[in-house]
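S.K.: Turn these sequences into a full structure, and let the hints guide you.
If you read the sequence shown in my numbering, its first letter stands for residue 0, the second for the next number, and so on.
Simulated from the structure, these hints should not be mistaken for lab results. Do not rely on the hints blindly, as some may be mistaken.
Derived pair list, reagent style DSSO-like, types lysine-lysine, alpha-carbon separation capped at 30 Å [as the list claims (entries may be wrong)]:
| no. | residue 1 | residue 2 |
| --- | --- | --- |
| 1 | K76 | K16 |
| 2 | K76 | K21 |
| 3 | K84 | K13 |
| 4 | K84 | K71 |
| 5 | K76 | K14 |
| 6 | K71 | K13 |
| 7 | K14 | K84 |
| 8 | K21 | K84 |
| 9 | K16 | K71 |
| 10 | K76 | K13 |
For each label pair, taking beta carbons as the anchor points, the in silico distance ranges come out as [unchecked claim]:
| no. | residue 1 | residue 2 | range |
| --- | --- | --- | --- |
| 11 | A44 | K14 | 31 to 41 Å |
| 12 | K13 | I33 | 25 to 35 Å |
| 13 | D88 | M0 | 33 to 43 Å |
| 14 | Y1 | K84 | 27 to 37 Å |
| 15 | D88 | T25 | 11 to 21 Å |
| 16 | K84 | Y43 | 12 to 22 Å |
| 17 | P87 | G45 | 28 to 38 Å |
| 18 | S10 | S55 | 17 to 27 Å |
| 19 | P87 | A44 | 11 to 21 Å |
| 20 | S55 | K76 | 28 to 38 Å |
Idealized CB from N, CA, C, for every residue including glycine.
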Amino acid sequence: MYTVNEIMNLSLFKKFKILTGKEYLTNTVTTTVILEFESSRINYAGYCYGYFVLISYFFASISPELVNGSIKNLLQKRVSGIAIKLLPDEHIPSISFSVQKKIMYPF
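M.R.: If you want it as structure tokens, here you go:
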């Protein structure tokens, strides 16, 4: 088993920035999942604490709001961590932060 902090220290994540939830860096990670589809196509029944979810933003680059449903569902499931993979010239849309604040569970 690993912690979110140990995963974030891997070379793969060296350019990633931790945006919120630094107090959750000690969350245990037992499973890593790559999510590449918007929330309407995913059944989140098995997602829970222990999951580290890497969201590929590429599927939603034209409509950033597609990512927000996924983030909301994952936060409600209390996954251990969420990482969003962006292209170098992209930014996380501010609407994603408002979704996170509504749930009140930092990722």
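S.K.: Hints first: check each against the structure and report whether it holds.
M.R.: Each hint, compared with the structure:
For the suggested pair K76 and K16, the alpha carbons sit about 22 Å apart, so the restraint of at most 30 Å is met. A distance of roughly 18 Å separates the Cα atoms of K76 and K21; the hinted pair therefore holds under the 30 Å criterion. About 12 Å separates the Cα atoms of K84 and K13, which keeps this hinted pair within 30 Å; it holds. For the proposed pair K84 and K71, the alpha carbon gap of about 17 Å is at most 30 Å, so the pair holds.
A C-alpha spacing of about 26 Å is found between K76 and K14, which places the hinted pair at or below 30 Å, so the restraint holds. A threshold of 30 Å between alpha carbons decides the hint, and for K71 with K13 the separation of about 25 Å falls inside it, so the pair holds. The hinted pair formed by K14 and K84 meets the criterion: a straight-line CA distance of about 10 Å does not exceed 30 Å. Distance restraint check for K21 and K84: the Cα-Cα separation of roughly 18 Å lies within the 30 Å cut-off, and the hinted pair is therefore satisfied.
The straight-line distance between the Cα atoms of K16 and K71 is roughly 20 Å, inside the 30 Å bound, and the hint therefore holds. For the hint pairing K76 with K13, the CA-to-CA distance comes to about 26 Å; that is within 30 Å, so the pair holds. Taking the beta carbon of each, A44 and K14 are about 32 Å apart, inside 31 to 41 Å as hinted. The hinted window of 25 to 35 Å between K13 and I33 is violated, with their beta carbons roughly 18 Å apart.
Against the hinted window of 33 to 43 Å, the Cβ-Cβ separation of D88 and M0 comes to about 35 Å, which satisfies the hint. With their beta carbons about 19 Å apart, Y1 and K84 fall outside the hinted range of 27 to 37 Å. The hinted range of 11 to 21 Å is not satisfied by D88 and T25, whose Cβ atoms lie roughly 33 Å apart. Between K84 and Y43, the C-beta spacing of about 19 Å keeps the proposed range 12 to 22 Å intact.
For P87 paired with G45, a C-beta distance near 32 Å keeps the hint of 28 to 38 Å intact. Range check, S10 to S55: about 19 Å between beta-carbon atoms, so the 17 to 27 Å window is met. Evaluation of the 11 to 21 Å hint for P87 and A44 yields a failure: the beta carbon distance comes to about 34 Å. For S55 paired with K76, a C-beta distance near 18 Å fails the hint of 28 to 38 Å.
When each numbered hint is compared with the structure, violations occur for hints 12, 14, 15, 19 and 20.
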